[in-house]
Structure formats: structure tokens, C-alpha cells
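J.: Listed below are the residues making up each chain.
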Amino acid sequence: MKKLVILRRASQAFFLFSFIYLLWLTLRPIVYIPLLFFVAILILTFVIGRFFCGWVCPLGTIIDICGVKVKNRGVNLRVIKYYILGLIVVFAFLGIQIRWIFDPLVITARFVSLNLIPSVTLALDKIFIFLLKSLNFYSPLYDIYRGLKSSILGVKIYYFPHSLITLGFFLFILALLGITKRFWCRVVCPMGAVYSIAARFSLLRRRVDECSHCMLCSVNCRMSAIKEDSDYRKGECILCMDCVYSCPDRATRFTWPGKKTNAQSKRGISRADFLFLIGAAFLLSGFRFKEGAAKKRLIRPPGVTDEREFLNKCVRCGNCMRICPTNGLQPVIFESSIAGIWTPHLVPEIGYCEYNCNLCGRICPTGAIPKLSLEAKKEKKLGTANIDKDICLPWSQNKECIVCQEHCPIPTKAVKIYDEVFQGRKIQKPYVDSSLCIGCGICQNKCPTRPLRAIKVQP
Amino acid sequence: MRIESVFNRLPGIKISRKAFVRLCGIGLGGMILNSYLFKLALGKEDVSSGRPHRSVKTLHDLVVAKGEDPYLMTVKAIEAIGGMERFVKKGGIVVIKPNIGWDRSPEQAANTNPYVVGALVDMCFKSGAKRVNVFDITCNDAKLCYQNSGIEKIARDKGANVYFTDDWNFIKAGFDYESPMQGWPIYRDALECDTFINVPILKSHGLTGLTLSMKNLMGVCGGSRGLMHFDIATKLAHLTDFIKPDLTVIDAYRALVRYGPTGGNLADVVDMKTLIAGTDPVLCDSYAAKLMDRDPLSIGYISQAVKINLGNADISKADILTLTA
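Just so you know, the protein sequences line up as chains U and Z, in that order. Following our numbering, the numbering of the first sequence begins with 1 at its first residue and continues without gaps. Following our numbering, the numbering of the second sequence begins with 1 at its first residue and continues without gaps.
Any given hint could be a false lead.
What the hints assert, rightly or not - Taking lysine-lysine pairs in the BS3-like style, the calculated list, with each CA pair at most 30 Å apart, reads:
{"id": "1", "chain 1": "Z", "residue 1": "LYS172", "chain 2": "U", "residue 2": "LYS446"}
{"id": "2", "chain 1": "U", "residue 1": "LYS69", "chain 2": "Z", "residue 2": "LYS18"}
{"id": "3", "chain 1": "Z", "residue 1": "LYS244", "chain 2": "Z", "residue 2": "LYS126"}
{"id": "4", "chain 1": "Z", "residue 1": "LYS39", "chain 2": "Z", "residue 2": "LYS307"}
{"id": "5", "chain 1": "Z", "residue 1": "LYS307", "chain 2": "Z", "residue 2": "LYS317"}
{"id": "6", "chain 1": "Z", "residue 1": "LYS126", "chain 2": "U", "residue 2": "LYS156"}
{"id": "7", "chain 1": "U", "residue 1": "LYS156", "chain 2": "U", "residue 2": "LYS2"}
{"id": "8", "chain 1": "Z", "residue 1": "LYS18", "chain 2": "U", "residue 2": "LYS156"}
{"id": "9", "chain 1": "Z", "residue 1": "LYS90", "chain 2": "Z", "residue 2": "LYS244"}
{"id": "10", "chain 1": "U", "residue 1": "LYS2", "chain 2": "U", "residue 2": "LYS69"}
{"id": "11", "chain 1": "U", "residue 1": "LYS399", "chain 2": "Z", "residue 2": "LYS172"}
{"id": "12", "chain 1": "U", "residue 1": "LYS133", "chain 2": "Z", "residue 2": "LYS317"}
{"id": "13", "chain 1": "U", "residue 1": "LYS156", "chain 2": "Z", "residue 2": "LYS307"}
{"id": "14", "chain 1": "Z", "residue 1": "LYS143", "chain 2": "U", "residue 2": "LYS380"}
{"id": "15", "chain 1": "Z", "residue 1": "LYS18", "chain 2": "U", "residue 2": "LYS71"}
{"id": "16", "chain 1": "U", "residue 1": "LYS126", "chain 2": "Z", "residue 2": "LYS317"}
{"id": "17", "chain 1": "Z", "residue 1": "LYS143", "chain 2": "Z", "residue 2": "LYS158"}
{"id": "18", "chain 1": "U", "residue 1": "LYS446", "chain 2": "Z", "residue 2": "LYS39"}
{"id": "19", "chain 1": "Z", "residue 1": "LYS18", "chain 2": "U", "residue 2": "LYS126"}
Hints listed in this document are in silico derivations from the structure and should not be mistaken for laboratory results. Treat the numbers as computed from the prediction; the structure is a model and nothing was measured.
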């Protein structure tokens, strides 16, 4: 009985499922580990070691599941993650946030929000439709389907045109498994680096009594934390407990210290390391925000005013895009500079900003989208609508339309009507009062002209 | 010189050329089969020629109820017209189609008063209905509309099925005369029912002037509804002829007199405390238009409906009972 391994797997499954559950069905910001919680994990790490990576981290769990069949190899690149951590810290001091590229929680949340939930709900929906259409239409199954629509299926199936890029990034991380088990966690993950530093001081440690030097533990260690001489790198061990059971002599144990054990030889940051960090920081200056480079074409979520501050606060977790009821918030891919990748922007053709809704601000884990009361949100201006009179049906063809005016949610209507008599008929022609318009984009969303909409929101 | 395959260089994965070709073939075949099966399973499109006409004898052409309590007014009005038993078969399926189009509260008067819907649900069940369906294809987000209009909660508490519409469950409209609505997708549940009760709210509307019972039927249409706005009068008249609602109950308890159909400002809402019930949608609409000081025939779709003999727009000739609840 591998009791500890079973326990670890149960813990991993629990945290993975609760991660997906929270993202799927609740209004809780997921990526954000509140400071208190983070401090608690850090203190625990000081006591028992880098348990977070082995027992909690959802990305680590997915990597473990996908890497069951992967052959284990010793890869001596584990220093890289400290460099990455260093880079993130250096950039943070320079006022640029690049955590979003490497944070495992963000990566998993983005994958779940933009890929997993849309594809699973789509598949379930299609299966239900197929069953309903091939069976008796109005059966109890239809009621079950309708019930599910207000819970796990959602009223609408979410759609993200550029989600393939998110999927590609996620699959790339999984493809790193081709090199060895847990390659990402060993070599890249900066969060692992933080815990690794803390875990060097942990009290709980691995002990081997009367080792026969069969090397089985060292060969099988998924983090290659065990050295040739049955000693181990404490900062690398994620307490997966495999070595306890792979040891033929049952000589491996994890114990609390009775007396002081020999301290680990530590390598401080060398001059070369320091110079590397500074150099890399200069090389990566492409991430620098440039005034006006991106702001021209993007409609940001309500309440976002300072583009630079927004880019630095947004961790690109995809929570807002997953919660937006109209599916209008979409990840930026090519529309902005590289610093803006995966940040949310409103695409009115896909979905508009719901007037009576402030969910994106409520769910944003970092406050990049400010938390606003419903009343305050209704006054936030996202942009201004503009009518293209060459396309607009009443203006260009004297047809009846004014769909934009009807849908405008402003109590006094930001889209106003100008009456004109044409061939004895009254034609109502819309125009925008830009002082009233908040740029929610419902007019653009509902405008019937194709392929181009006659009314467009400009930020 | 032998060049090693990229696949061979990747650790753990070995694949021969034959296997690679086979894999590609299976993938491609799977995709083609998949799309074919999808079409086979989901591509079916039904055409309907509309609901059958049922003439129900009522005690009056039109009943107008005035009062303070919308629930009581609805009950009294339906009793005065002859009772719900005339419309609802024992074990029948009833569709109640309120206006839940907008994410607004009942006080803002953009959606049907929830108590009117609740009263109708109660009466349908009392008359022996097996199932009462309440739905609308909304303009704002469906979840928010259903919640904030208050209709979802009240109707569900009374035992009705309140559900979100599915974007795949439409039937094409087939007319036996020339119609701009030919082939327009209509929600299946609206057609496959024994009784259709149309419960609009009286409010102003940009293009047509007023939203009344015929305009409310747009809520069972799918497709690009914005395109319905061109030649809307004919389209709405033909749509009403297609659906043939058995009973029309116009909620004029609160009426939005300006900036419709969305409104939002309480100053634009006028308390009329009136409810109109009848079987002739044109007559109901005409009376409601009069309430708003409009000439019924100035509303495009009413005059168009009169033109195709859908009903009577002349209020002076109708038998109207006014009661106070």
C-alpha cells in the first residue's frame, strides 16, 4: 500500500477539480492567492518543503498525468528557473509585469477558461442536441438539458476565435515533457523557484538508513532531486513520496530533525549571474509599454483608464473573458504590441458590454479591471459609437431600421433620431450623441448590416 | 546519407512512414465522417405552416380591467371574458409569451409585469393544463433578463417551466401566400403547443411607435432580427397570422411612454393600472394604442393587419366590458 502516494494523488485531484470547479461555476477570482494565503503556504513550505508543487499546483497535476509514460532523464538545467524569477523581479522593479508569461496558475486558468470550458460545453451541447433530435423531442431529457443550461452548460457556448494560440502555448508546456518528467517544474517555473528557495530551510527532510546504493530512487525521481550519493537537493524535492516506495530496502523515510543535520552548501548569486540579469532585462525591452502604440484600437473593459497601469496589473488569467455574459471580452492577440498579448478587450461584433453588469471587475483577481458598483459602472465610458452613413440603411438606402436606437441602454438614448421625409414616408435616421454614449457596443452588436457594421464603437 | 526522421529524434516516440501516412488518413477520414454525421444528425430543418386557427367563443370581444393589484386584475379580466377553461384543454400544453426582452426591473416597465404572468400560470394549471412554458428570446443577456424582470422566479414558483431558448430549435415559417417572412426561423415551442397566450407590455417603441401584442411576437423569431425592421409592419402582421395567438393579455399596469423599448428612467413610466384581455390581437392593440392617445391606424402594423383581415381595429363597433378589480 503506497499510502502516502495515494494521499498525494487524492490531494492533487482535489485541488485540480476545485480549481476547475471554481472557474467554471463560481464567481470567485481564482488566480489570485490572497497575501495571507500565500504567506501561509510559504510558512508551510519553510516547515515541510516544496509541497505546493507536488500536492496542490493544478499545472503540476496536469503535467504529472500527461507524463505518466514519459521516461525520466537527468537534466541539469534547474538554475534557469532562478534566472526567470530574477528577471521577473528585476522587471517588477522597472515597473513592468511579465509574471503572466510564467505563472503556472495563470497558465492553467487561461487554458481552462479559453479552451477547456468552451470545448467541453460545446461537445456536451452537441451530444445533447443529437440525442434530443434522434429521440422523442419533448422528453424528460429536454428538461434535464434545460436545467443544465442554467448551470454547467451555460446559456451560451463561449467562443474565442484565437483560443488556438492559448491551446498551443499550453500544449508547448506539455510537450516539454518530451525531454523529461516535470521539465517545466524543474527548469522554468518561477513559482517553483520561490518555493524552492524557501524549502531549502524546511524542517522535514528525507533520510536514508543503510543505503545499498541501488540508485533506483535517483533514477526515478521526477524532479531529479536525489544525488548520486543518496543525499538530495532539498529545494528540488516536491514530496511526491515515490522514493519511499521505490526503495527496495524500505530505507527511505521523511522525518523531522532530531538533531541538527548538515547544512546544505549554498551558491549565492555570482557576478556573472547578476550581469546576465541586467543584460537580459535590456534585451527584453520589447515588453516596454509605449504610449499610444496600443491604445488606438482597443476597447478595454469598463473602468480601465490607464493603459500602462492596466498592462502591468493584468495577469492574463482569462477570468474576465470567461465570466463576461455576452462573450464580448476576447483575448488580444495581434491587435496590440507584444506587451498586450492575452489582455482582454471588447469585440462588439461578438458581444457587447452588458449595461447592468459589473462581473469582470468583480472577478478580476488583481484589480486591473476596477471593482465598480453597478451605478458607477453604468457611467464608465468605453468608447464612442460612430455611424457610417454610407452603410447605414436609413441614411444610405432610406430603409426603416434604427435597431441601434432601440437597443441603446442609456435611459435617454445616446442614439438620437432625425426625422426626414422621403417620398412621402417618414424615415428615421439615427445619429449619436457622444456626450451620452458610453460605448457599450450593443448598437454595433445588433446592427444588421453585413459584412461591415454601420455603427462602430471607437475607443 | 541517411537522414534521421524528426520523430526519431524525439525521445520516446518512434513512428514509421507507413504509420504516419495511416495516422494522417485516419485523422482526415475522421474529420470528414464527423462533419457528415453532424449534418446528418443536426442538419434537419422542419417547415411549418403555422398554428391552426381555433375560434373560441368569448362573452365579450374585449375586457378591460382597472385596479390596484395586477394579479387580481388579470384573474377578474379572464373570468369576465369567460374563464381560462375556454382556452386551455385538459392535459394541454400552454405557452405564455411575456416580454422579457430587456434587463430591466418591473418598475422600469420594459418587461411584462411578473404578477400578470403569475396569475395566468395559476389559471392555466387550475384549468387542467399539463405544462405551462414561459420563455422569450431576449435582447439583453437572457440570464439577467429572466432574473431582473422578476418573471422567472414568480412563474417558476407557480409551477411553470421557465427556460432559456436554444439557438438550434427553430422551424422555418412556410406561408401559402407571398410573404417577406417566408422561411424565417420560428422557435419550435411556440408552434407546438395547444394554447398560445401572448402577454405583452404597453410601451413606446422607436420604429413602430408602440410595442403591442403583435410586436411582442417578434420574441419567438430567431435569425437576424435586426433585418425584420425593414418593412416591419407587413412582417409583424404576417407573423401574427402565422402564430395565431389564442389569447392576448396586454399589461398596461405601468406604461413606458418615452424612450422605449428599453427605458430605464422611472420618470418616463406612467401608472395606467389597466389590463386588456381579448382574443383578437388587432382589437387589443387598437384599444391599447387609444390608451396611449394614438390613432390605431397610425401604427403601421395595425393598419397592415386590418388590410389582410386579421382582425378589427374599430373600437366603437366592439363589445367592450370595463371592470374594476
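J.: Next, verify each hint and record whether it holds.
T.: We went through each hint and held it up to the structure:
1. Z:LYS172 with U:LYS446: 22 Å, holds
2. U:LYS69 with Z:LYS18: 24 Å, holds
3. Z:LYS244 with Z:LYS126: Given that 30 Å is the threshold and the Cα spacing comes to 23 Å, the pair holds.
4. Z:LYS39 with Z:LYS307: Violated, because 42 Å separates the two Cα atoms, which is more than 30 Å.
5. Z:LYS307 with Z:LYS317: Given pair LYS307 of chain Z, LYS317 of chain Z holds - Cα atoms ~17 Å apart, limit 30 Å.
6. Z:LYS126 with U:LYS156: Status violated; Cα separation ~34 Å.
7. U:LYS156 with U:LYS2: 44 Å, violated
8. Z:LYS18 with U:LYS156: Roughly 43 Å separates the two Cα atoms, so the pair is violated.
9. Z:LYS90 with Z:LYS244: Given that 30 Å is the threshold and the Cα spacing comes to 20 Å, the pair holds.
10. U:LYS2 with U:LYS69: 19 Å, holds
11. U:LYS399 with Z:LYS172: 25 Å, holds
12. U:LYS133 with Z:LYS317: 48 Å, violated
13. U:LYS156 with Z:LYS307: 40 Å, violated
14. Z:LYS143 with U:LYS380: Holds, at roughly 23 Å.
15. Z:LYS18 with U:LYS71: Measuring from Cα to Cα gives roughly 25 Å; hence the hint holds.
16. U:LYS126 with Z:LYS317: Given pair LYS126 of chain U, LYS317 of chain Z is violated - Cα atoms ~53 Å apart, limit 30 Å.
17. Z:LYS143 with Z:LYS158: Cα-Cα ~19 Å, so holds.
18. U:LYS446 with Z:LYS39: 28 Å, holds
19. Z:LYS18 with U:LYS126: 34 Å, violated
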